[in-house]
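Visitor: Letter by letter, the chains look like this.
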Amino acid sequence: MFCFQCEQTARTDTGAGCATAKGVCGKDETTSDLQDLLIYQLKGIGQYAHLLHQQGRPDAAADSFILYALFTTLTNVNFNRARFQEMIAEAARIRDRLQEAAGTRLAGPAAFQPANDLTGLLAQASIASVRAGLDAAGADVIGLRALVLYGLKGVAAYAHHAEVLGQTREAVGAGIAQALSFLASEPVDIEDILEEALALGRLNFTVMETLDAANTGTYGTPAPTNVRITPVAGKAVLVSGHDLRDLEAVLEATKDMGINVYTHGELLPAHSYPKLHAYPHLAGNYGGAWQNQQQEFAAFPGPVVMTSNCLIEPLPAYRNRIFTMGPVGWPGIKHLGHGDLAIVAQAAKALPGFAETAPEKTITIGFGRDAVLGAAETVIGAVKSGAIKHFFLIGGCDGAAPGRNYYTEFADAVPEDAMVLTLGCGKYRFNTHDFGTIGGLPRLLDLGQCNDTYSALVIAQALAGAFGCGVNELPLSLVVSWFEQKAAAVFLTLLALGVRNVRLGPTLPGFLTPALVDVLVNRFGVLPVTEAKADIAAAMGRAA
Amino acid sequence: MTEITLLTRDGVRLNVPCAPGQTVLAAAAAENLHLPAMCGCGNCGQCHAHVSTGGYEMGAYSPVALPDAAQGGVLLCRCMPHDDLVVELPYDDANISRRAIPEREAVIESITQAGAGAMMLALQLRPDETLGSGADFIPGQYMEFTVPGMEIKRAYSLANLPNWDGRLEFLIRLVPGGAFSTYLGTQATVGDALHLRGPMGHFKLDEASPRPRVLVGGGCGAAPLVSLLRHMAGYQEWQPEYLVFGVNREEEMLPQVLFDELRAGLPQLRIIQAVWHPSQGWGGFSGTAAEALDALLAEGMESPDVYLCGPPKMLGAARAVAGAHDVPTERIFIESLAG
Ligand SMILES: Cc1cc2nc3c(=O)[nH]c(=O)nc-3n(C[C@H](O)[C@H](O)[C@H](O)COP(=O)(O)OP(=O)(O)OC[C@H]3O[C@@H](n4cnc5c(N)ncnc54)[C@H](O)[C@@H]3O)c2cc1C
Ligand code: SF4
Ligand code: SF4
Numbered sequence: 001m002f003c004f005q006c007e008q009t010a011r012t013d014t015g016a017g018c019a020t021a022k023g024v025c026g027k028d029e030t031t032s033d034l035q036d037l038l039i040y041q042l043k044g045i046g047q048y049a050h051l052l053h054q055q056g057r058p059d060a061a062a063d064s065f066i067l068y069a070l071f072t073t074l075t076n077v078n079f080n081r082a083r084f085q086e087m088i089a090e091a092a093r094i095r096d097r098l099q100e101a102a103g104t105r106l107a108g109p110a111a112f113q114p115a116n117d118l119t120g121l122l123a124q125a126s127i128a129s130v131r132a133g134l135d136a137a138g139a140d141v142i143g144l145r146a147l148v149l150y151g152l153k154g155v156a157a158y159a160h161h162a163e164v165l166g167q168t169r170e171a172v173g174a175g176i177a178q179a180l181s182f183l184a185s186e187p188v189d190i191e192d193i194l195e196e197a198l199a200l201g202r203l204n205f206t207v208m209e210t211l212d213a214a215n216t217g218t219y220g221t222p223a224p225t226n227v228r229i230t231p232v233a234g235k236a237v238l239v240s241g242h243d244l245r246d247l248e249a250v251l252e253a254t255k256d257m258g259i260n261v262y263t264h265g266e267l268l269p270a271h272s273y274p275k276l277h278a279y280p281h282l283a284g285n286y287g288g289a290w291q292n293q294q295q296e297f298a299a300f301p302g303p304v305v306m307t308s309n310c311l312i313e314p315l316p317a318y319r320n321r322i323f324t325m326g327p328v329g330w331p332g333i334k335h336l337g338h339g340d341l342a343i344v345a346q347a348a349k350a351l352p353g354f355a356e357t358a359p360e361k362t363i364t365i366g367f368g369r370d371a372v373l374g375a376a377e378t379v380i381g382a383v384k385s386g387a388i389k390h391f392f393l394i395g396g397c398d399g400a401a402p403g404r405n406y407y408t409e410f411a412d413a414v415p416e417d418a419m420v421l422t423l424g425c426g427k428y429r430f431n432t433h434d435f436g437t438i439g440g441l442p443r444l445l446d447l448g449q450c451n452d453t454y455s456a457l458v459i460a461q462a463l464a465g466a467f468g469c470g471v472n473e474l475p476l477s478l479v480v481s482w483f484e485q486k487a488a489a490v491f492l493t494l495l496a497l498g499v500r501n502v503r504l505g506p507t508l509p510g511f512l513t514p515a516l517v518d519v520l521v522n523r524f525g526v527l528p529v530t531e532a533k534a535d536i537a538a539a540m541g542r543a544a
Numbered sequence: 001m002t003e004i005t006l007l008t009r010d011g012v013r014l015n016v017p018c019a020p021g022q023t024v025l026a027a028a029a030a031e032n033l034h035l036p037a038m039c040g041c042g043n044c045g046q047c048h049a050h051v052s053t054g055g056y057e058m059g060a061y062s063p064v065a066l067p068d069a070a071q072g073g074v075l076l077c078r079c080m081p082h083d084d085l086v087v088e089l090p091y092d093d094a095n096i097s098r099r100a101i102p103e104r105e106a107v108i109e110s111i112t113q114a115g116a117g118a119m120m121l122a123l124q125l126r127p128d129e130t131l132g133s134g135a136d137f138i139p140g141q142y143m144e145f146t147v148p149g150m151e152i153k154r155a156y157s158l159a160n161l162p163n164w165d166g167r168l169e170f171l172i173r174l175v176p177g178g179a180f181s182t183y184l185g186t187q188a189t190v191g192d193a194l195h196l197r198g199p200m201g202h203f204k205l206d207e208a209s210p211r212p213r214v215l216v217g218g219g220c221g222a223a224p225l226v227s228l229l230r231h232m233a234g235y236q237e238w239q240p241e242y243l244v245f246g247v248n249r250e251e252e253m254l255p256q257v258l259f260d261e262l263r264a265g266l267p268q269l270r271i272i273q274a275v276w277h278p279s280q281g282w283g284g285f286s287g288t289a290a291e292a293l294d295a296l297l298a299e300g301m302e303s304p305d306v307y308l309c310g311p312p313k314m315l316g317a318a319r320a321v322a323g324a325h326d327v328p329t330e331r332i333f334i335e336s337l338a339g
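Chains as they are written, first to last, in our numbering: chain P, 1 to 544; chain L, 1 to 339.
It cannot be assumed that every hint is accurate.
Claimed, not checked - Facing chain L, from chain P, some residues (calculated, C-beta under 10 Å):
no.: 1; residue: Asp-28
no.: 2; residue: Asn-80
no.: 3; residue: Leu-118
no.: 4; residue: Pro-301
no.: 5; residue: Gly-302
no.: 6; residue: Glu-313
no.: 7; residue: Leu-315
no.: 8; residue: Ala-317
no.: 9; residue: Arg-321
no.: 10; residue: Trp-330
no.: 11; residue: Pro-331
no.: 12; residue: Gln-346
no.: 13; residue: Ala-348
no.: 14; residue: Gly-353
no.: 15; residue: Thr-357
None of these hints come from the bench; they were simulated from the model.
The model shown is predicted, which means the values in this text are computed figures rather than measured ones.
Cβ coordinates follow ideal geometry from the N, Cα and C atoms, glycine included.
I would like the entire structure built from these sequences, with the hints used as guidance.
Guide: So this is what it looks like as structure tokens:
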């Protein structure tokens, strides 16, 4: 196996990459190799799908499969080898269907025939490795192709979340097929691949906009909301991941039963959507970011539902009471569709629940673009009066690495006259700290999930409009903590929109060679993080 | 006070203080680390581990349970440190329970014949304030019963699947003159309350393994294998699966409905029924479970995971067979039903 798609990838003197029998995340060699093969097949499907899109006869089911299948290969999503064997067989059938429809035979991944047993598949895996062709193409090309592929995975994940809420756009299916087809052609020109990466960044903006429309269209516009972060006595269910539709399904399946539903991790923003907030048994938020889940799930006195990343190996203490949904999977863990949720309610009733109500503690979330822009006059006034000198957007994922303390230190060291905006699960490092208020507004504004970067960009553009300047001239600094591939998609969007001076950490992606880092730094103004205090001073100095 | 360092297979280090005369098992339990163990008196071998540094004294134990005493092998329930010890545990940190092993009350729901000399016992757990009402265990685990009216305890593996209804099922082979066997065969009636401890044990499926799975059981060793197979049926894996089950006489064979259920749930499962002393008309394999395993492995297959469950003699023979067919030791998973 070889995988270097996420921030926690194994790093040695000779380079980055998980290359032993098991990755740092727990993904084993077999699963990793099967994921590579599936992606290779998706490139082949993409070749035909691209053709069909160009001819105006897209195959919607194939487009949908691509999204779901790419999503399963993100970090911390699906570890179930058997599921990948199934998907590989399905991918072959879909390729056949598209080939038939296209009426032509394409070469490359499009012509790939997967073996029909595991030994055969594993023997084929080397052609599908992210490093295939390294000797001929060189590390820069391989790294840049990886950036495109990982960005594409992120785009697919967001598009899948939108799709389950009924929002699809043909342009998205077409864009993804084009990108897969591009990768299938094994491009070697750095400028071509960079251009593709930026195109993908633009596509991701459309996808995040679609997801935003899906979320707000289905559940209403997020509003500032106080969320309880301590348990109340009674039977309990915990829902983790990112999928609002799955959360709604769990809420429906447990209503009027005396069961309380808690959000975990990236589902915290769900509380700010009026239609989800309206469920009286959506009781609060429990625990922190994903990397603490083994202790938190073990201690939680009810079932746990995992709707998307980030999943870590379930411990025996809660193996029977954790369930996966959607793209997520772990061998031997029950996977549920929306029709199967009665078992969650049954488990909640059979498990003890919280014996006592803990003293109430709350945090305020739900500062989406409407809430912030609704207060735009106040914000603009506060900037003009000098009450707000600077904005820091500290966004992205969290992880277990010690280097991630940077973000805690950063948030705590932001001066009193600067406002902190946050999104993603990195916020659990500081969202219970007291930030006070600034210019009549809370000094910490929680914008939502990582895909709410869309909201952040809308806010930034509106502010730039109000001040008659560009986004890069605003007193705004973006501090991105990346972990997995959705962050890669968001990152490409920032580059594509020309947002400069994005501080990226805690480490740079292992797939970026020094030469590629130079391109990002010199051409796109990307700044690797250094020391929290020094970075803050530099940011404020630049703006002042 | 001495200090014990427990080193798990996956490299986790746990330090526990130990008072003079205290066993490693008791010292760990005092720190709320419940290491896999069962009988507590040096007989079952469940708490077997290895001391790499430090001096200790072993209390009375059965040599069968500790064949490698001369090479640093210990039974933690009998091992009393003289000075600081480093103990290598043959399992992962995840196998160490941080909660006390639950004590439960259960009521007999049904007792039915399951082949000659064996019973299917179904129990209903009574709800517990802190544990709830479900039957939460990992397929392959067992419960420890207190024999009614006696102080003594016996282990029985669960044959069903974890469930939220609180139902426990066991397959129990009656041992003539045995304590629990006598209770079950002559006194037990529907509605009786039993005192149980568990679940315990770390005989479980390596779910992530893509290798073929060969499950081998003999005599009273059916229950955990049935549970594993029922669990596998819920996940529709792709690898080849085999069940080799051996008994002494045909009439002791598990009920055919059980085999039918397993076959229906796992279309690719091949079942080999072995009878050591068959009658003339026997159509299955004639010989022991170990001999049937030998014949199966001789047919040739990708290197499998082998799960063995049964009495010590059968285990010894089956392990030797698997070894002779080059199955690596770490791919052989064993549950010994020696009480
Ligand atoms: C982890 C584990 C799981 C198990 N799972 C199962 C299972 O699923 N199904 C199953 O059937 N069994 C299982 N067993 C075996 C079970 O625990 C008992 O050992 C078995 O049922 C016999 O118990 P008993 O009380 O009936 O007999 P015991 O009282 O232990 O007697 C056993 C034998 O010793 C003889 N004996 C008893 N006392 C004396 C004495 N004082 N002097 C001389 N001889 C004596 C008896 O006559 C009898 O032949 C398991 C064991 C373990 C360790
Ligand atoms: S997803 Fe990350 S941790 Fe997992 S194998 Fe890939 S690089 Fe390693
Ligand atoms: S924000 Fe990133 S790290 Fe956090 S849960 Fe979502 S995908 Fe995982």
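Visitor: With reference to the structure, classify each hint as holding or not holding.
Guide: The hints, checked one at a time:
Taken as an interface hint, Asp-28 (chain P) checks out: its beta carbon lies about 6 Å from the nearest beta carbon of chain L, inside 10 Å. The restraint placing Asn-80 (chain P) at the interface with chain L holds, with a minimum CB-CB distance near 9 Å, inside the 10 Å limit. A least Cβ separation of about 5 Å between Leu-118 (chain P) and chain L falls short of the 10 Å threshold, and the interface hint therefore holds. Because the closest C-beta pair between Pro-301 (chain P) and chain L is about 8 Å apart, less than 10 Å, the hint holds.
Proximity of Gly-302 (chain P) to chain L holds as hinted, the smallest CB-CB distance being about 9 Å (cut-off 10 Å). Interface restraint check for Glu-313 (chain P): the shortest CB-CB distance to chain L comes to about 8 Å, inside 10 Å, so the restraint holds. Interface restraint check: Leu-315 (chain P) against chain L, minimum CB-CB distance 5 Å, threshold 10 Å, status holds. Against a cut-off of 10 Å between C-beta atoms, the interface hint on Ala-317 (chain P) holds, since the closest Cβ of chain L lies about 7 Å away.
Of the supplied interface hints, the one on Arg-321 (chain P) holds, with its beta-carbon coming within about 7 Å of a beta-carbon of chain L, less than 10 Å. Checking Trp-330 (chain P) against chain L: minimum C-beta separation of about 8 Å stays under 10 Å; hint holds. Using the Cβ-Cβ criterion of 10 Å, the hint placing Pro-331 (chain P) at the interface with chain L is satisfied: the shortest such distance is roughly 4 Å. Annotation: interface hint on Gln-346 (chain P) holds; nearest CB of chain L at approximately 5 Å, less than 10 Å.
Hint on Ala-348 (chain P) holds. Least Cβ distance to chain L is approximately 9 Å, under the 10 Å limit. Below 10 Å, beta-carbon pairs count as interface contacts, and Gly-353 (chain P) has one with chain L at about 8 Å; its hint therefore holds. Annotation: interface hint on Thr-357 (chain P) violated; nearest CB of chain L at approximately 17 Å, more than 10 Å.
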